[in-house]
Amino acid sequence: MNDKLNQTKSMPVSLLLDGRPCLVVGGGKVAFRKAGHLIDSGAEVTVVSPDLCDKFSELSIHHVARKFEPDDVDGMVLVFAATNDRYVNRQVLEHCRKKNILCSCVDGNWAQSDFTTPAIARHGSLTLTVATGGQSCRQAKMVKDSLARHLEMIETVELVVVGTDHHHLSLEQREPFHLTGPRSGRTGFMLMQLWGVHEFMILNTCNRVELIAVVSHETAHNGILRHVLGFDKLSDEQFYIHRGAEAFGHLCLVTAGMLSQTPGESHIAAQIKQTFDSARESGWAGSMMQEWVSSLLHVSKHIQTEIAPGLRFEEIEDLVLSYLEDRQTDLSEKKLLILGAGMVGQGLVANSFPKVGQIVWCYHRNRPELSRHWKNVELCDFNSIKDRLGDADIVVSAADAPGHLLHSGHAPFFDHEKEVTLIDLGMPRNIDPALKELSPEPILIDLDGLKQWHRSRMGNLNESLEKCRRIIGEHQEQYERIINSFQGRHA
1 MNDKLNQTKS MPVSLLLDGR PCLVVGGGKV AFRKAGHLID SGAEVTVVSP
51 DLCDKFSELS IHHVARKFEP DDVDGMVLVF AATNDRYVNR QVLEHCRKKN
101 ILCSCVDGNW AQSDFTTPAI ARHGSLTLTV ATGGQSCRQA KMVKDSLARH
151 LEMIETVELV VVGTDHHHLS LEQREPFHLT GPRSGRTGFM LMQLWGVHEF
201 MILNTCNRVE LIAVVSHETA HNGILRHVLG FDKLSDEQFY IHRGAEAFGH
251 LCLVTAGMLS QTPGESHIAA QIKQTFDSAR ESGWAGSMMQ EWVSSLLHVS
301 KHIQTEIAPG LRFEEIEDLV LSYLEDRQTD LSEKKLLILG AGMVGQGLVA
351 NSFPKVGQIV WCYHRNRPEL SRHWKNVELC DFNSIKDRLG DADIVVSAAD
401 APGHLLHSGH APFFDHEKEV TLIDLGMPRN IDPALKELSP EPILIDLDGL
451 KQWHRSRMGN LNESLEKCRR IIGEHQEQYE RIINSFQGRH A
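Residue numbers (UniProt numbering): 1 to 491.
None of these hints come from the bench; they were simulated from the model.
The structure displayed is predicted, hence computed values, not measured ones.
Ideal Cβ positions, reconstructed from N, Cα and C, are used throughout, including at glycine.
There could be a bad hint or two in this list.
[As the list claims (entries may be wrong)] Under the rule of at most 27 angstroms between Cα atoms (straight-line distance), these lysine-lysine pairs were calculated in the DSSO-like manner:
| hint | residue 1 | residue 2 |
| --- | --- | --- |
| 1 | K375 | K334 |
| 2 | K9 | K99 |
| 3 | K418 | K375 |
| 4 | K141 | K9 |
| 5 | K335 | K386 |
| 6 | K99 | K67 |
| 7 | K418 | K436 |
| 8 | K99 | K141 |
| 9 | K29 | K55 |
| 10 | K273 | K141 |
| 11 | K335 | K355 |
| 12 | K386 | K355 |
| 13 | K301 | K467 |
| 14 | K418 | K335 |
| 15 | K467 | K335 |
| 16 | K29 | K67 |
| 17 | K335 | K273 |
| 18 | K467 | K334 |
| 19 | K375 | K355 |
[Claimed, not checked] Here are the simulated distance ranges between beta carbons:
| hint | residue 1 | residue 2 | range |
| --- | --- | --- | --- |
| 20 | C53 | Y87 | 45 to 53 angstroms |
| 21 | E237 | S125 | 38 to 46 angstroms |
| 22 | L15 | R90 | 32 to 40 angstroms |
| 23 | S287 | G19 | 31 to 39 angstroms |
| 24 | H298 | S235 | 34 to 42 angstroms |
| 25 | K141 | G42 | 17 to 25 angstroms |
| 26 | N376 | D326 | 31 to 39 angstroms |
| 27 | P50 | K141 | 52 to 60 angstroms |
| 28 | H62 | D107 | 19 to 27 angstroms |
| 29 | R367 | M190 | 32 to 40 angstroms |
| 30 | S235 | L379 | 42 to 50 angstroms |
| 31 | D107 | P50 | 12 to 20 angstroms |
Can you build the whole structure from these sequences, using the hints too?
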């Protein structure tokens, strides 16, 4: 018998019963609950039972005060056999079968019934149902009660951004808070356990770490998100929380690259897309976050079109070369060692090969393809780095690594008699700061230093930012439309 029950299959449906006749046979507490669900669905309910429990006085029903008779099922759309007599319930089921009327028994006859009812919770226009195929009503109720608490939170939806960046913390201060590798997964796991967190993604770039989330009003304001990110260790001036339309405006500026250390950069839009794809793959984000990301990309494109022509903008790989040309008299005599074969590493090689004498390109797992035009580019894997350090005049790390790729153990392999320029584009940093003692005139510059150098050449950005905010204001209806759709309202 148990094997048979385990094999019972069903199809969930939502019946439209408004104004349609339905029958409940029985007058106890179970019958009362079934009658209540039918009334909530708008059905015209008849209850057949010699007696009714006191709770039935709360319901608007037609009561037939007698025992069940076969003709009671005539004209009914749906019937519940809910007496405390298994034989009577079986009779009700058999008479319904003869007349092709759907019937559900609430006792041991349930497996022979036409349907079972799930545990139900309602909140406004939302209906939550949980079913176990009739095998564990207690488990279904427990899950329903747990999830029902979530329904009220869904009614209040806010976009929230909790983060910190180069404007709030120095690179050294910011480094411990970056969420890469397993740390990102652990943080995501904790957020998944929180009531009121509907969807989220974690943006982790070289100069910022942000939690971007769609949450309930309570969760947006109770401080739990700050705690999960570890920002409870920071003062209020060292991080930021943006909510609602303010969060939308902030994210538009971020996606357009206007809050980057190199304002106007386009890489950040690709990073936003990758962040969303990763969050969706992890089960953190879905249709809610996808709408926000699509809207952000649309607005940021408008900003880039209007603002970028007036900016002296350089992508990070262009910026590295500009910095080197500013400091080095003749790059054609230099040997450049590039660590990392990702998007930035590839850009560095592509930009450098016409100007730099020799390039050694180090990769970790995936061996990159070399263009036939790159005659002065040589490949090596990370295991061979120490053998290439002695000849290097410039080392640029553009790898995605959780820690130092070059550390004090590599110091003996450098040529200490010449000036070596070290540029660390990693976050967390890939080059141990102790290596700046390599030569009599060491040069070690990290992302913050490189971008500060760039900003010093750009002048005042306030006018451009003000124009960006006006553009964002023109798209305010997008924010309102999305937030209203989440809350079940018409924009």
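Verification of the hints:
1. K375 <-> K334: holds, 15 angstroms
2. K9 <-> K99: Cα-Cα ~23 angstroms, so holds.
3. K418 <-> K375: Given that 27 angstroms is the threshold and the Cα spacing comes to 26 angstroms, the pair holds.
4. K141 <-> K9: holds, 20 angstroms
5. K335 <-> K386: Holds - the C-alpha atoms of K386 and K335 are around 15 angstroms apart, at most 27 angstroms.
6. K99 <-> K67: Holds, at roughly 20 angstroms.
7. K418 <-> K436: Answer holds: K418 to K436 is near 13 angstroms, not above 27 angstroms.
8. K99 <-> K141: violated, 32 angstroms
9. K29 <-> K55: With a Cα-Cα distance of about 8 angstroms, the restraint between K29 and K55 holds, given a limit of 27 angstroms.
10. K273 <-> K141: Status violated; Cα separation ~39 angstroms.
11. K335 <-> K355: holds, 11 angstroms
12. K386 <-> K355: Measuring from Cα to Cα gives roughly 25 angstroms; hence the hint holds.
13. K301 <-> K467: Measuring from Cα to Cα gives roughly 14 angstroms; hence the hint holds.
14. K418 <-> K335: holds, 12 angstroms
15. K467 <-> K335: violated, 43 angstroms
16. K29 <-> K67: Holds, because 17 angstroms separates the two Cα atoms, which is no more than 27 angstroms.
17. K335 <-> K273: violated, 35 angstroms
18. K467 <-> K334: violated, 42 angstroms
19. K375 <-> K355: Status holds; Cα separation ~12 angstroms.
20. C53 <-> Y87: 45 to 53 angstroms: violated, 21 angstroms
21. E237 <-> S125: 38 to 46 angstroms: Once the Cβ atoms are compared, 43 angstroms apart, the range 38 to 46 angstroms for S125 and E237 holds.
22. L15 <-> R90: 32 to 40 angstroms: Roughly 23 angstroms apart at Cβ, these two residues miss the hinted range, so it is violated.
23. S287 <-> G19: 31 to 39 angstroms: About 34 angstroms separates the Cβ atoms of S287 and G19, which means 31 to 39 angstroms holds.
24. H298 <-> S235: 34 to 42 angstroms: Holds - the Cβ-Cβ distance for H298 and S235, about 35 angstroms, lies within 34 to 42 angstroms.
25. K141 <-> G42: 17 to 25 angstroms: Since K141 and G42 have Cβ atoms about 24 angstroms apart, the given range 17 to 25 angstroms holds.
26. N376 <-> D326: 31 to 39 angstroms: About 22 angstroms separates the Cβ atoms of N376 and D326, which means 31 to 39 angstroms is violated.
27. P50 <-> K141: 52 to 60 angstroms: Taking Cβ atoms as reference, P50 and K141 lie about 29 angstroms apart, which means the hint is violated.
28. H62 <-> D107: 19 to 27 angstroms: holds, 24 angstroms
29. R367 <-> M190: 32 to 40 angstroms: holds, 37 angstroms
30. S235 <-> L379: 42 to 50 angstroms: holds, 47 angstroms
31. D107 <-> P50: 12 to 20 angstroms: holds, 18 angstroms
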